[in-house]
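Undergrad: The residues making up each chain are set out below.
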Amino acid sequence: MGALSRMLRGRLSFRFIIMTLALLVLIQSIGFGVVQATVDRYVRGEVQHAITVAERVWNKLLVQNHQRLAEGAELLASDFGFRSAVASRDANTIASALQNSANRIGASVAILVDAQWQLKASSEETMRHFDNVQHLIEALAQTRAKEGEEAYLTALYEGDPTQFVIVPVRAPRVIGYVLMGFAIKPDMIAEASDLSGVELVLMSRSESNSVNVVASSTPLKEHFLRNIPGEYFLEDLLFDLPINDDTFVSMIHGQQVVGGYISLALMESLNEANQQFAELFHQYLFITAMGLVIFAITVTWLSRRVARPLEVLTHATSALQQGDYDVVISGTRREDEVGLLARSFDGMRKSIKQQQDTITKLAYYDPLTGLPNRLSFRNKVANLMRGGQYHSLSVITINLDRFKQVNDVLGYEMGDEILKATASRLLGISCSAHDKLARVSGDEFSVLVLPDSQPAMDVARSLLEKLNEPLEIDHTLIDLSASIGIASWPQDAAGCDGLINASQVAMYAAKKRTEDIVQYKQELMTSTPESLSLLSELRQAVVNHELRVYLQPKVSSQDNRVIAAEALVRWQHPEKGLVPPYQFVPFAEQTGFIRELTKWMIREIAAQWHGLQKGNDTFRVSVNLSTRDLMTTSFPEFLAQTLREYNIPASGLCLEITESAIMDDPSFAEQTLAKLSNMGFRLSIDDFGTGYSSLGYLKRLPVNELKVDQSFVFGMIENNSDRMIVQSTIDLAHNLGLDVVAEGVETEQMYQTLAALGCEEVQGYFIGKPMPVTDFKEWREEWNARHGLK
Amino acid sequence: MLKYVKQVALVMCSALPALAWADVAIQVTDANGKPLADAVVFLKSPSLLSRSQPLTEAEIAQQNRTFIPGVQVVTQGTAVDFPNRDDVRHHVYSFSPAKTFELKLYIGKPEAPIVFDQVGIVELGCNIHDSMLGWVLVNDTPLYGVTDDAGVVRFDYDQSDALSVDIWHRHFPYGAPYETFELTRGKDSSEFTVALQTPGVAL
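Protein chains in written order, with the working numbering: chain A, 1 to 790; chain V, 791 to 993.
Hint data in this document are derived by calculation from the structure and do not stem from the laboratory. Fair warning: this is a prediction, and the values are worked out from it, not measured in the lab. A couple of the hints might just be wrong.
[As the list claims (entries may be wrong)] Residues on chain A that point at chain V, a partial pick, calculated with CB under 8 Å: (1) Arg83; (2) Ala171; (3) Val174; (4) Trp779.
[As the list claims (entries may be wrong)] From the derived model, a few chain V residues whose C-beta atoms are all more than 12 Å from chain A: (5) Lys824; (6) Ala827; (7) Asp877; (8) Tyr883; (9) Val905; (10) Asp920; (11) Ser954; (12) Pro967; (13) Val984.
All C-beta atoms, glycine included, are put in the ideal place defined by N, C-alpha and C.
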């Protein structure tokens, strides 16, 4: 049962078949029931009708018999010979005459009585001696007197139901009566049964309780001989009588007659009556069975047509669920609803597959260039590392220089075009084919170099060479340059993320140093995961006062006066000792901690500013601002507040900003610079000449001085062109109304040259190296003493 | 019925003119004492019996499918003719023990009359026509009468010998004999009442 209900729930086709067949069986059963009931009613009606007819037939037979008997008896009684015999008063003669007459008309008994109903003679000689014959005669006489001369008289004579007629014997007046009895014989019952088609049983019980049964069929006779309920003789009954596996609709008329009781049963077999319908039922059953078979086959076929494709679709669904989007869906060519479902299902499959591909592509490929993205590249590198096929790998990271400016100036569409062109260019080189190249971020590409190809440096060079070719987009020639970093596994990093990071660090280093290609070195690593601990240590350093302010003096080239100093940060690490700035400043720059450093620096300087003042002139202290400081909206307010707190004039501080810091977001930088300038700060462009800012652009900025990068100052003595650059820079600056500061002055000659070129201030090891504040004060005393200053 | 009575009376008057003087009166009643008309009363005494002779002429004709007269009273030994005055044949018979006979299908006058030689009641019928009914009352006394509506019949009889009466009525059933009463006369009394006991005579 449980299995069946599971199948019913689980299998649509099975349910289909069962339900349909059950429905058919139900309908057929109802039909069968209705037909059966109708037939039953009809049969019963027919049977009752037949019984009624039989009853009439029987009565008619009795009447006919009675009439025949009466006529015969009358004929006999009026026969002169018979009357003569009667008149002879010779008992033997009369008896023989009665016998003869009885034989002539087939009566079972003939009795002569006188006018006073006294027995005179009988056809059966012996009967004379029986008292009950006289009794019978008197009873018949009474009945006749009561019911008239034409009365139909029935009596039990010798135990047999017997029809009696009484006719007078006239001579010419009634001299007596002849009683003639006609025993109801089996053949009369048989005749009535034949005429009416109904079984007849005539039962009788005499006063002496002897029972007699005359029946049209032996089984019925036997049945009634066994037992006849008393009420059969007393009442009229209509009921179903079961006899031997058959049921008879039975109508029973019981009556008291002379000499006892008789009962007539008219019976019709229901089985027999049903016989004619049995064939109908057989046909019905046959049709039902055939219908069931045909239905079962048809429904099975149909449900297979419906459910099988559904099962196939179900399998296809689970295949889809498991990510198999190439599963074949059958039934799509069918024209019915199933076909429709299959088609839309297949459509869904295709659509999902497409979306899946798109998602995969989006996840692993860069939609703009069609190149694998960072994630994809990372996975590839990781797989190769894990695969064990290679024991070393290199990753080259390429970053387009000044791409932001290109975007700003030429528009993003052009930027996209450039990226696409760059991608196709990089793809054009065999060693950076599609499976090795990836666009890892906006303007950054990475190339995987396997040990079986060229050395990474050679690959990098050829890439650079390719990139350096002018690019023509929309009839515009664009010069591109790129910074390239190279890192190798396993020497530079242990994992794929480390390797990629390392190559990026190298690339940043290259960009910073304006070198084309930088091979990763351990020292470059400032933002590797290891440096996260550096960040917390740096935070600790601020709290624990491990940071120190060092000052490098700036001297006026005109009169050797120490007029300013550049404040530089140094970290006195409790374990590592003095940590050089390049080991933590770029890191602080990257993490944004530089803002904290700047603030610390400014507060530190502010605290010491008054102590540094000497003489009448304001001693300026320069502080380096990072691009992040410029981008922080609250920074000018912080400056103002600090100055107020320490009561320092804005002119007491010079804020040095690198060219690149400005160029990151020139418009915002411009706003901040304008604000700071308005506040009265002296502004200085640091590292001038390394960036791409034109003097024309600088002109718009509210700056007060330029700091010529030390790289120019270094080469100025030997290299004429460097000297020209310095010369023209100084001239231009002066023309723009800016002071010029030269850094990296290491010799007397440099100092003199710069002075000759009109450079206002100089800074460098020739003057003095960066030193703690107390040392600086001592140095200043010494310097002033040496140059005869106060 | 009345017709038959008149005929009987006619016969009596013609046959017994000497008995014109009345002396004996007899009232006939049924068993309940109700006067019975049309009863035939035969007066019998030794003197009367000794005077009895067969009648010389007597007949019962069949006319219009009827016996005429319906009741014929004759003395013992009288021969009676049965002339057929219809144009159909009759088959006259009697099963009565006093005289059993049959006159088979005949027309006109049968060959011989029937002699009624026994006292008794002879009931006549026709085998062809069941409705025909007649009686021949045979007795050994010549004196008889029919009761009037009061059930009374009178006889002129001056003898003083022992008297008895035989009485018949048409309601007597078949086979019933005459009902006989002995009349015991007082000195002056000559009036008698008899009650018939034979079943079937009550009116």
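Undergrad: All hints, please: hold or fail.
TA: Results of checking the hints against the structure:
1. Look at Arg83 of chain A: its Cβ gets to within about 6 Å of chain V, closer than 8 Å, so that hint holds up.
2. The interface hint given for Ala171 of chain A holds, since its Cβ lies 4 Å from the closest Cβ of chain V, which is under the 8 Å cut-off.
3. Given the 8 Å rule on beta carbons, the hint for Val174 of chain A holds: about 7 Å separates it from the nearest Cβ of chain V.
4. Because the smallest distance between the Cβ of Trp779 of chain A and any Cβ of chain V comes to about 194 Å, over 8 Å, the interface hint for this residue is violated.
5. A cut-off of 12 Å between C-beta atoms confirms that Lys824 of chain V is not in contact with chain A; the least separation is 23 Å.
6. Residue placement check: Ala827 of chain V keeps its beta carbon more than 12 Å from all beta carbons of chain A (closest about 20 Å).
7. The Cβ of Asp877 of chain V lies farther than 12 Å from every Cβ of chain A, with a closest approach of about 21 Å, so its non-interface assignment holds.
8. Non-interface call for Tyr883 of chain V relative to chain A: violated, since the shortest CB-CB distance, roughly 7 Å, does not exceed 12 Å.
9. In this structure Val905 of chain V is separated from chain A by more than 12 Å, as the shortest Cβ-Cβ distance comes to about 19 Å.
10. Asp920 of chain V, annotated as away from the interface, has a beta carbon of chain A within 12 Å; the closest lies near 6 Å.
11. Here Ser954 of chain V stays apart from chain A, with its beta-carbon at least about 27 Å from theirs, past the 12 Å limit.
12. Annotated as non-interface, Pro967 of chain V keeps its C-beta farther than 12 Å from every C-beta of chain A; the closest such distance is 14 Å.
13. Consistency note on Val984 of chain V: stated as away from chain A, and its beta-carbon is indeed over 12 Å from all of that chain's, at 23 Å minimum.
Checked against the numbered hints given earlier, this structure breaks hints 4, 8 and 10; the rest are met.
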